[in-house]
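Participant: One-letter residues, chain by chain:
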Amino acid sequence: MLFPTFDFLLFVIPVLLGTWALSHRPLPRTLLLLGASLFFYMAGPKTEPPPTPWYYVGLLVFSTVLDYACGLGIAAQDRRARQSSDGTAAASAQRAKNAIFAISLVGNLGLLGYFKYTDFAFSVATDVAHALGIEWAAPSLRLLLPVGISFYTFQSLSYTIDVWRGRLTAERSFLKFALFVTFFPQLVAGPIVRADEFLPQLHRPPRISAARMEEGLFHVFKGLVKKVVLGDWIASQLTDAIFASPEQYTSAELLFALYAFTLQLYADFSGYSDIAIGVAKLMGYDLPENFDRPYQAKNVGEFWRRWHMTLSTWLRDYLFFPLGGSKGSAARTYFNLWLTMFLVGMWHYSQGTSWNFVIYANLHAAAIVFNRWNRIRARGASRTAELARWAPALVAAGAAIAWLVHAVLDVPWAGAWVMGGFAVVMVLVVAWLPENGHWANGALHVLLTFHFTVLSRVFFRAESFDVAKRMCQGLLAFDTHGLRPGLITPWVGLALAVGCIYHFTPRRWVDEHGLAAVRRLPGWLLGLLFAALCLGLMLLMGSAPRAFIYFNF
Amino acid sequence: MSDRDTTPTAPGESGLLDGEDTRHRVELVGEDDGGGRYARGSFTKIGGALATMTLAVVASYVVPQLSFARPWTATEPPWGLTALQGERDDPVPFWNLIGRELLDEGAAQQQAEQKAEQTAAIADAVLKVDDDAAAPLVDKTVIADTGDKLPPYRPHPDDAEVPTQTIELPDEGALDHFFARLARTDAGVAGAVTRAVHWGDSVVAADHITSTLRAKMQQRFGDAGHGFHLLAKPNASYVHKAIEFRDGEDWSRCYIINNCKSDGLYGLGGTTVWSSGGAQTRLRTSDSTPNGRKASKLELWYRAEPKGGNVRVRVDDGEPTVVATASETAADGWHTITVEDGAHEFEIRAAGGGKVRLYGAVIERDVPGVVWDGMAQLGAFTSRMLYFEPAHIRDQIAHRDPALLVFMFGGNDLLLPEHRLDEYRDTFRDMLTRFRAQAEPPDCLVLSPVDHGVRESQRVVSNPMVAKITAIQREIAFEQGCGFFDSQAAMGGDGAVARWRRSNPPLISGDLAHLTDAGQKVLGHMVYVALLQRYVEYRRRTDG
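So the protein lines, in turn, are chains A and B.
According to my numbering, the first sequence is numbered sequentially starting from 1.
According to my numbering, the second sequence is numbered sequentially starting from 1.
Next comes chain A alone, as it looks inside the complex (with noise of 0.2 Å):
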């Protein structure tokens, strides 16, 4: 189901009355609410295309029971265990709980990599083999992706993997268990909610307050306006056509798609997680935030900490850090932070998108890894001197950039020579500038950082990696046609001015005044201002909100 919708109305109306008055009743309260979690994921409105047929619930069922079942087989092994006298019948307790762990790893990122990653691997084949000059094609399964799958398998894994390693008491109630993973605000397009964070608020009664539901009310009517006017409207006036067919545009035109999708992509996003923490909260539960300004980062790193904050951290805490984290050689840490960044990235695949996120991933990857190098590399005292040393190998890696832009992105060699050289440019830059100091000093960062991710933003939008390559093309053939008069509305330029503007403020500004409003408005004077924005956005949207761009994930 999509939140912007009458369905979700329709919905949402009677689990919040049903959630209020059955507050002081803990199992008809629990009942409800993972019925109605059942019935959002299963009764999607008809949207092009249509929703996974509703009996791909099975799958959410399956996940929920198979790492019910694990958690609790994980515990009592690891009871066994400690209980033990025994070590042989100790060991043998180890190594059963380390089964069991291993089937929870297997049968969830089976599921997933099965749904979304078998078609990739296929055309990966495909196109290794005819690399080789081998003619062969894989077959293409054309496999529906269940709706969420990306989220819930993470969130149900954070589980089984907090209570292996002895983090998290196994939790005993299957109810409880399930409601953790299908409770429906977060349920198809995150945040991504971690056990040790959900769990312990089962355990006690919702919170509930005129103040939590004030709260509740913001973040909603926030995330409304964000996801259909900043998301959806952008995508529909410009982001859409231009992405379609690039090589119909101007390399001006081209960019400015690149900045106004940046928006849009943030914006739908991050509107889909207001919704979902403002919804939850509106039933007495807390949900992590999942966006911090994150086009204000100062670095790639901080990107990331600011952006999805709750799948990047997720990896961080159960990838980067058990493989060693940064305690261990330079090159284990740098492969560490590569291998973390490049499964952020590659997380975010969706179906269709071929060589796009290996290229996106590696981008980031890369990224992470000079900022790493670049903070705690030995500073010489000439800059100079710096300079003539590194020259030899920036030299290299300009030539490196152009030859790949050249031969893999098929851009003439006049643009991949600029494509080079402006990443040496940027590469020097970031290198020699502090990042504190001057105001000035952070704003560029802010500014490189920013356009960084633009830039990569191609190869994450692209529907193809074919239309990435033309992208890529237009972009660096630098026309001079510039942005061709009645492209650009008034009103889509107006609605990105003020995406940016609103992007670009300290978040408390908004955060603080528009809870302050929602705060002095009467109760029915914000139904009245809400009905009016749905209103708005049926009027503006022909009553057609795009699914989530992270649904496709």
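For the record, the hints were derived by calculation from the structure and aren't laboratory data.
Wrong hints could be hidden among the right ones.
[To be verified] Short, incomplete list of chain A residues facing chain B, as computed with Cβ under 10 Å: (1) W54; (2) L59; (3) F62; (4) T64; (5) S251; (6) L315; (7) R383; (8) T384; (9) V467; (10) F478; (11) D479; (12) R484; (13) R519.
[What the hints assert, rightly or not] With a straight-line Cα cutoff of 30 Å, these simulated DSBU-like cross-link-like pairs (lysine-lysine) come out: (14) K469(A) / K128(B); (15) K115(B) / K468(B); (16) K140(B) / K115(B); (17) K128(B) / K115(B); (18) K233(B) / K115(B); (19) K469(A) / K468(B).
[Claimed, not checked] Chain B is nowhere near these chain A residues, computed Cβ spacing over 12 Å in every case: (20) F8; (21) V65; (22) Q83; (23) N98; (24) A121; (25) G216; (26) D232; (27) D286; (28) E302; (29) S312; (30) G325; (31) P392; (32) P490.
All residues carry an ideal CB built from backbone N, CA and C; glycine is no exception.
Following the hints, complete the assembly by docking chain B onto the known chain A.
Facilitator: Here is chain B on its own, set in the frame of chain A:
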């Protein structure tokens, strides 16, 4: 300096992967006992807000003046609830369960899925062929033009493909002149060049439909050159495949849809350029595609005028030829430069002596083959084609001597209000008659607009105007003796836009109006197969 055990220090401390694992064990203890009573007023504000919203929704159904605000309507409401009546037919709420499963709309959905699979199969077959990777085309064996009867038709492997949509003909022989010339080309008769001139709106803007037709027809019948090309881009979307086009930025230019030349002399391609000196264009045969690799002549299309200047044409590194456009009387002119058949670069430069006004250049070969001119008129309503001065466009076409004129307009005309459809009928007729005013007009083929979508509720449906414009174009095409190809039907009929959008890769872009490159290639292939089917029928009919 070693990185071992080194943790970055400020200011980079804030990075995602800095710091250490500080999470602690969490015990799931305690039990939800339902808690105590909530403070008074906990639900006052949210209750008021929800009640007001609910009332607002109810009011939109109760108060007729608020009917525009109804969030859900149906043309035939269920259970006789006339209050829910509206112009939109929104899917039933919770469609995936109620509509799809309980109301059995899944069957219709399944039909749509089957059509989508058919589309995917066609697209897969077409797109997996990398036309550009094929070897350069080999010329046909040429036979002398003795005027004798052609040898009998020899079936070709492409003939086996069944078209998704056939070309509709007002009478059996509507395209016979075109096919007769094509048959001579097919047989390899010396000098038998078959030309088609293909105008269209943005759907052909990036030359994908036209380049697909050009490549496939040339692969099948022989490559007689790239054909007509403008000397400056009328817009950024003007791109042709299988030719390299450079410079052209310094020309002053006028694009027909801007109605910027009161004399109506825009040249065959709809864009005229002029310069008093310095502007130049370079056109070079392709070195990366199987077709378009050779040229044996360049024909410069220009306006001869009393104070006309000179044009300098240089072929490769050779001595330039100066073409004087000065003339006692103003008239359209042409100048042909012949070269040895092969790869060439042509440089066309305004060389002073007065202002030169040019229409374009034709690059061709004197071998049996097909030339398919791509004449994209981005953003053009059909009515814009009436900006051509009638005698001018008649003579331009006559000089080009095409065997077939192809028209693919209508995408922009969908914006016309319904009450202007009669006017549109006249406009479309006027365009065909104006372009075919020659003593012996070429055959013609109308390709209707591609399916366009509108978002209705959470669905994408076909714009109902597509069917109306298609019907008018079919009617006028038949009236004028032209062949007709129903693009929407070829795409899969009503609702095709949604399926083409969902295809992987998408065949129609997010604006639900423009085919993607892949989509244009697929549609170009469909037109090619449909043309071949009629050609084979013609050969079987006439061979006996």
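Participant: Run the structure past the numbered hints and jot down the numbers of the failing ones, going up.
Facilitator: Hint check: 2, 3, 4, 7, 8, 10, 16, 18, 19, 20, 25, 26, 28, 29 and 30 fail, others pass.
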